[in-house]
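Student: Here is how the chains run, residue by residue.
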Amino acid sequence: MSTSLLPSDLRYTKSHEWVRQNPDGTVTVGITDHAQHALGDLVFVEVPEAGRVLAAGDAFAVVESVKAASDVYSPIAGEVAQGNASLADAPEQINSDPYGAGWLMQLRPAAQASAGGLLDAEGYAAFLAETAE
Amino acid sequence: MSLTTPLHGRHLELGARMVDFGGWDMPLHYGSQLEEHHVVRRDAGIFDVSHMRAVDVEGRQAAPYLSYVLANDVARLTAPGQALYSCMLNERGGVIDDLIAYYRGPERFRLVVNAGTAEKDLAWLRTQAASFDVSLTSRDDLAMVALQGPNAAARLEALWPRDAAAAALALRPFHAVSPAGLAGNPFVARTGYTGEDGFEILLPSGEVTGLWNALVAGGVRPCGLGARDTLRLEAGMNLYGNDMDESTTPLESALAWTVSLDGPRQFIGRDALLAQRAAGGHRKLVGLLLLDKGVLRSHMKVYAGAAGEGETTSGSYAPTLERSIAFALVPAATGDHVEVDVRGRRLAARVVRPPFVRHGKAQISL
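From first to last, the protein sequence lines stand for chains E and A.
Under my numbering, the residue at position 5 of the first sequence is numbered 5, and the numbers go up by one with no gaps.
Under my numbering, the residue at position 313 of the second sequence is numbered 313, and the numbers go up by one with no gaps.
So that you can see chain E by itself, here it is in the shape it has in the complex (with noise of 0.2 angstroms):
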C-alpha cells in the first residue's frame, strides 16, 4: 500500500479532513489523500453555503464516488466563510489535489473553538498505520 501524502502544516482528524490555518484568522478544511484514495473517483461534491454555523463533528460536505456518498465532518466550530464553488464542476480536483484545489470550505472559527484535539502530521500517520488492513 503506497504511503499518502501529508503535508507537516496541516492537522489532521481521525476521520481523515485536514486542517489549515490561514494568516487571516481562517481556516480551510477538506479530506486527505488517504481518504480521497479510498472513495475513488469523485463524481459529485456538495459543500456548504457561505454563513451556515457548525459545531465541531457536523457533517458539512458530501463527497460522492461512483460507488458511495460519504459525509464529511467539521473538525472544529465555526462559520463558514465560502465553500468551494469550482468542485461542482470538477470533483475530480479532491482526487488529483486534496489538499490544494480540492479544498472544501474555508471556515471562521468560533472564539471559543479548539484545534487541540486535531493531529499533527507524525500523529495521523500513526493513526493510519495503526488502522491500516
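If you're looking for bench data, these hints aren't it; they were derived computationally from the structure.
Since the model is a prediction, treat every value here as computed from it, not as a measurement.
Yeah, the Cβ is synthetic: ideal placement off N, Cα and C, and Gly gets one too.
Treat the hints with care, since some could be wrong.
Unchecked claim - Anything over 10 angstroms on all C-beta distances counts as not near chain A; from chain E, calculated:
hint, residue
1, 8
2, 9
3, 26
4, 35
5, 40
6, 50
7, 67
8, 69
9, 73
10, 88
11, 97
12, 119
Claimed, not checked - Now the stretches of chain A that chain E is said to cover, found in silico as 3 or more residues with beta-carbon under 8 angstroms:
hint, region
13, 23-34
14, 287-300
Assemble chain A onto chain E, guided by the hints.
Tutor: Just chain A, lined up with the frame of chain E:
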C-alpha cells in the same frame, strides 16, 4: 472466508481494490473505475467473470426440458452456436434468475447463470429435471473472462492463430463457437454486459491466466466490477437482485421482450404472466435521467404525482453521459417526470427509455 477465482492472485498483483461480491473476493477496480469504464467504450477492457456459472444441459429431452423451465423459447435456437437471453421463472411468474442459453447441437445446451444465484438455480434446475430424460453438469472446472470494447475483435485477431481468430470474428452477436487449434478449447461467445462489441470466453481454469496475461500484454486494460456496473446500467441492462428478483415478473422488469408468451408452449410461470398481462395496470421498470445535481442510487423513493410512488432499483453516475441515471420500479400511470428522494432532498428526474448508451454514443437526449 471468501471464494476466489483462478485470477485472484493476478488481481492482487495488479493492485486491484478488492470487494466482496456475493461471497466472492473480486476486483472493484485497478486504480480508476472511471478510466476503466471509458476504456471499454473507446478501446478494449477485460473482466474476470469466473464467478459466474456454466451449466451443461444434455440428453434426449434437453430441449423439451428447457422449453418448460425457461420463459424464452429455446425452439428458436436452430443452428449450433445460437444463443438467447432468458429469465427463469417460478410458478408466480417471479424471476429466479436471468441467463443466457446456448444451443450447442442436438440434445446439447449450455446455460450461463449469475454468480450469486448459481446454487439456487442449480437446485431449482435439478428439481425440475426429475421428470425429464436430461442430465445437468455444473461446470465448476471452467473460468470465464469478458473482453469488451470496439477494439476487442482486433485484440483477439492479434493474439490467436489466423483460423481461430477468423472463427471468433465471424460470430454474429448472440452466437458462440469453439474454434479449433486453441489451448484448452475455449468456448467463445459474441455476448457481453456493456453495450459494446465483445466476447465472453469460457475455458478451463488452468488456461485462464494465460489468456488474461496475453490479452493484457497486448494492451487490453483490466477492468473491475465497478466499471462493469456503470457500463451495464448505461447499456440499459438489468442486474438480477436489483432490477428484478423473485417478487417481480419479467413484465414488470422491462423484460417482456425476453418472454415468448403466445402460442401453446407450457412453461413455468406462463399462466401467472398471462393473467398479469390481461389484467394490465402493473408496475413497470423505467429509466431515469437526473435533472438536478446529485447521484441516484438504488432504493431511493420515487414520487410520480397522482400515479403514486415507486423506488429506484439501480442508480449511479454514468461516466459516458456525465450525468446520473437509474432504473426505477414505478406505478403503471407514471408520466414523463418524477421526483426522487436523494438523501433527504426531492430532485427532479425525467423518465427515459433505456438504453442510455450504445456503442459509445448517448441514445437519449441530455
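Student: Determine which of the earlier numbered hints do not hold for this structure and return their numbers in increasing order.
Tutor: 5, 7, 8 and 10
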